[in-house]
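Here the protein sequences line up with chains R and X, keeping their order.
Start counting at 1 in the first sequence, then tack on 1, and there's your number in my numbering.
Start counting at 1 in the second sequence, then tack on 1430, and there's your number in my numbering.
Think of the hints as simulated: they come from the structure by calculation, not from any bench.
Cβ atoms here follow ideal geometry from the backbone N, Cα and C, with glycine treated the same way.
Don't take each hint at face value.
To be verified - Among chain X residues calculated to face chain R with C-beta under 10 Å, some are:
1. 1434
2. 1451
3. 1462
4. 1479
5. 1486
6. 1495
7. 1501
8. 1508
9. 1529
10. 1531
11. 1533
12. 1545
13. 1549
14. 1570
15. 1579
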Amino acid sequence: MDLVDNITLGFSVAFQWQNLFFCFVGVLIGTLIGVLPGLGPVGAMAILLPITYGISPVTAIVMLAGIYYGAQYGGSTTSILVGIPGESSSVVTALDGHQMALQGRAGPALGIAAFSSFIAGTVAIVGLMIMSGPLVIFALKFGPAEYFSLMVLGLIILTYLAQKSMVKALLMASFGVVLGLIGLDSITGMPRFTADLPELLDGIGIAPLAMGLFGVSEILLNIERQIKRSVVVKRVKNLLPNLQDWKDSAAPMARGTAIGYLVGILPGGGTVLSSFLSYGVEKRLSKEPEKFGKGAIAGVAGPEASNNAAAQAGFIPLLSLGIPASAVMGILLGALMIHGIQPGPLLMRNEPELFWGVIASMYIGNIMLLVLNLPMIGLWVRLLMVPYSVLFPIILFVALTGAFVINGSILDLYLMLGFGVLGYFMRKFDYEPAPLILAFVLAPILEISLRQSLIISGGDISIFFVRPISLTLLVISALLLLSALIPSIRSKREKIVAQAEEDV
Amino acid sequence: MNAERVVSVLWLIVGGAVMHTSYGLGLGSGGEPGSGFLPIIAGGFICAMAIVIYLQTYTNKEMAKSRFSDHWRGTHWSRAIILVLLTLAFVWLIEILGYFVTSILLLVVIMKFLEKLDWFKSIVIPIITVALTYLLFTSMLDTNMPRGVIGLW
Chain R
2 MDLVDNITLG FSVAFQWQNL FFCFVGVLIG TLIGVLPGLG PVGAMAILLP
52 ITYGISPVTA IVMLAGIYYG AQYGGSTTSI LVGIPGESSS VVTALDGHQM
102 ALQGRAGPAL GIAAFSSFIA GTVAIVGLMI MSGPLVIFAL KFGPAEYFSL
152 MVLGLIILTY LAQKSMVKAL LMASFGVVLG LIGLDSITGM PRFTADLPEL
202 LDGIGIAPLA MGLFGVSEIL LNIERQIKRS VVVKRVKNLL PNLQDWKDSA
252 APMARGTAIG YLVGILPGGG TVLSSFLSYG VEKRLSKEPE KFGKGAIAGV
302 AGPEASNNAA AQAGFIPLLS LGIPASAVMG ILLGALMIHG IQPGPLLMRN
352 EPELFWGVIA SMYIGNIMLL VLNLPMIGLW VRLLMVPYSV LFPIILFVAL
402 TGAFVINGSI LDLYLMLGFG VLGYFMRKFD YEPAPLILAF VLAPILEISL
452 RQSLIISGGD ISIFFVRPIS LTLLVISALL LLSALIPSIR SKREKIVAQA
502 EEDV
Chain X
1431 MNAERVVSVL WLIVGGAVMH TSYGLGLGSG GEPGSGFLPI IAGGFICAMA
1481 IVIYLQTYTN KEMAKSRFSD HWRGTHWSRA IILVLLTLAF VWLIEILGYF
1531 VTSILLLVVI MKFLEKLDWF KSIVIPIITV ALTYLLFTSM LDTNMPRGVI
1581 GLW
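Using the sequences and the accompanying hints, generate a full structural model.
Structure (structure tokens):
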């Protein structure tokens, strides 16, 4: 099948009524959690994961993906109108976007944010379609040894790009591997780390783990800080940017899209880093850098394009290689596996409806988001006024119900709460939960590919070094690890994020 | 007491426990890796990283002055503890009082006593929330919610 056939297939799937409906539900929830500070897309996707047990895998992924890219749109609304980012990926948008709002230009700021997101999102989807094919052909040559090395590289890049300490990120990834191996050993049938609890023989579910680490822990941190929000702009007018706005935004949008696309493919790169990078680049290239932070529209257009392009590009490694690049993709991988689908290079061939249907739904979702976020902006402004004292009990309760309904198990509730408390302490001490959740979902695949490789080679670990692809991947991993130990390079690594933050 | 140092020692204990249990599971041989093979490597990594973090608390200026009190300064941390205890009570009571009663109780207590909302909001919002959440999840999945020993909902 060529690309045109595939796209036609994709749209025929995406236009089925249940997929349209759940795509809408997804982007609606995404915008909602993006607008409301205090719950990120990972937490929201985890909490809604149980619902997807009852629907088909295509529909489930369409909805979960919608939550993710929808949150990128919604987050900017709060950033601009309140000055507090609704989402970590729209932190930078708050700087110039909120200044524009204070100067009475909230409308164009929101408008350019939505259009940048839409254009970058759409371009990145095209990139996703073009990129995935060749990657899949390449990945089909992979044996267990290559897979093992690829996952090692993925985890190392993820920790390399960690925003805080790389050592702590590596520790989190190792702990995630241990958690992911809890339950019956798939090869020997021996129970591992189950503490003699029969409920743990199937392992820990991704839902209680992710809900605890990303949902409950966020609530605990937020209620001790008492969030106060004041909406400066109650009514938004003139959403359409004028010609000058478009002129000022066009180049930043294009550069932001490119940066977002490239950073988004990397494990751990994601939406936050790409928006910071884009802001830094725009400020440096600008003829009037002093305007940044005082309402420069380029400071909204670039980062907003960038975080959306990154959100879409993050699907490339997941859909073509089966390797998630971020915590969000980890949840999606978990959702696929719950439905018995093994993501990886065979996905495109074995499940074309899923592969192309999900991609096509993103076009539709982006159009829905444009409609949701521009004409309906008034609704979101009103929602912003709902206090956190009402929101967090509801979020907590929905999470509790969701964690219970999956298996009808009380143990899952204790687990969720336990991981919530663990996540609370982890965040206090700068241990990031993202490497943990990724290692958790990858652990079973990592172990199987490691053992298969060793069985094939008869226990000779040189199998990882004599195969060229595997060797290359491991050499890159080793170089990254070593470079983190060299002080001058280490400080450069820290600068990737720190410098962007400084520019801000 | 240096907070980072204490936390790193805790991780060292976790890593050590993982390695000990993994060893008991059997490491197998090179050609036939056993159940404990990957876990012991992961446990070893946890220990190694914990030791690095421990050492960093002497070399890294910021980590050297980490105190527990700094991490909680200016926060209403008692609210977090109360919420955890309330949630624990919820999990414990759900099998005794049943899903509906326990859920509404949890939300009313949080909204009225922790958040000091007025009685009207503290009763109406929980009822709507519980009803909608129940419909949402049970329409998608057939799980029976606990009815409690008294047979109440």
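For each hint, the structure was consulted:
1. 1434: Because about 7 Å separates residue 1434 of chain X from the closest Cβ in chain R, which is inside the 10 Å limit, the hint holds.
2. 1451: Holds, because the Cβ-Cβ distance from residue 1451 of chain X to chain R comes to roughly 6 Å (cut-off 10 Å).
3. 1462: holds (7 Å)
4. 1479: Holds: closest Cβ of chain R sits about 4 Å from residue 1479 of chain X, inside 10 Å.
5. 1486: holds (7 Å)
6. 1495: violated (14 Å)
7. 1501: With a minimum Cβ separation of about 5 Å from chain R (threshold 10 Å), the hint on residue 1501 of chain X holds.
8. 1508: holds (8 Å)
9. 1529: holds (8 Å)
10. 1531: violated (14 Å)
11. 1533: holds (6 Å)
12. 1545: At 4 Å from the nearest chain R Cβ, residue 1545 of chain X passes the 10 Å test, so the hint holds.
13. 1549: violated (14 Å)
14. 1570: With a closest approach of 3 Å, the residue 1570 of chain X hint holds.
15. 1579: At about 14 Å, which exceeds the 10 Å cut-off, the nearest Cβ of chain R leaves the hint on residue 1579 of chain X violated.
Checked against the numbered hints given earlier, the structure breaks hints 6, 10, 13 and 15 and satisfies all the rest.
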